[in-house]
Amino acid sequence: EAQVTQNPRYLITVTGKKLTVTCSQNMNHEYMSWYRQDPGLGLRQIYYSMNVEVTDKGDVPEGYKVSRKEKRNFPLILESPSPNQTSLYFCASSLSAYYGYTFGSGTRLTVV
Amino acid sequence: GIQVEQSPPDLILQEGANSTLRCNFSDSVNNLQWFHQNPWGQLINLFYIPSGTKQNGRLSATTVATERYSLLYISSSQTTDSGVYFCAGLEGGGNKLTFGTGTQLKVEL
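First to last, the sequence lines map onto chains A and B. Residues in the first sequence are numbered from 147 upward in steps of one, following this note's numbering. Residues in the second sequence are numbered from 681 upward in steps of one, following this note's numbering.
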């Protein structure tokens, strides 16, 4: 089944403890992105990647890192999480600029 | 940046009713998608529709790109249709979706 897989689905962590949210797609998509969703602020892009080893900042990149060493994987790294990074996170992928995006099931992160 | 506006913000329907959701978008939007966010938070892709009309079961969508709007039609609504419906515009480079603020739909028995 064609899909974007995120893990974990739920995570509660403490301030300052490094964590990684994994994202993997099995559709050979070039484009991948991370978004966060917050009440009143909607969905905002954190980082995106248009190909292997090519990543760039979205609208809210502060406090996050990403890497794209393989086409299928696009992990989101929080080096030192803070409570303001408590959010619902989505990974998404697309074949190219002229195709729609497929989203993962989301990761609910709580930083205490 | 691009702008995407949705209406209405909230909608309550009786099961079996039909509804139309609207999305207006700015000139720089090349392509448009509709999503449904279910009560569990999952974002489900409904339509990728830069122009024209598409149908999938009880749902259909029409985008009139020259007039910068898109419509999502829900017919014979069911309680499982409840949730938030988002439209999102894709910028020229294809690397970013800008989401509207959504339409919160509740379908009651």
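Check the hints yourself; a few may be wrong.
Restraint-style ranges between C-beta atoms, simulated for each label pair [claimed, not checked]:
id, chain 1, residue 1, chain 2, residue 2, range
1, A, Thr-166, B, Gly-696, 27 to 37 Å
2, B, Gly-772, A, Thr-161, 10 to 20 Å
3, A, Ser-242, B, Thr-700, 22 to 32 Å
4, B, Asn-698, A, Thr-161, 19 to 29 Å
5, B, Gln-722, A, Asn-197, 33 to 43 Å
6, A, Leu-187, B, Arg-748, 18 to 28 Å
7, A, Glu-225, B, Glu-695, 25 to 35 Å
8, A, Val-258, B, Glu-695, 35 to 45 Å
9, A, Glu-208, B, Trp-720, 46 to 56 Å
10, B, Ala-697, A, Glu-225, 42 to 52 Å
11, B, Glu-695, A, Glu-208, 38 to 48 Å
12, A, Gly-162, B, Thr-700, 41 to 51 Å
13, A, Ser-242, B, Ala-745, 33 to 43 Å
14, A, Lys-217, B, Thr-760, 16 to 26 Å
Keep in mind that the hints were calculated from the coordinates and are not lab data. The C-beta atom is built at its ideal place from N, Cα and C for all residues, glycine as well.
Among the hints numbered above, which are violated by the structure, and what are their numbers in rising order? The structure breaks hints 1, 2, 4, 5, 7, 9, 13 and 14; every other hint is satisfied.
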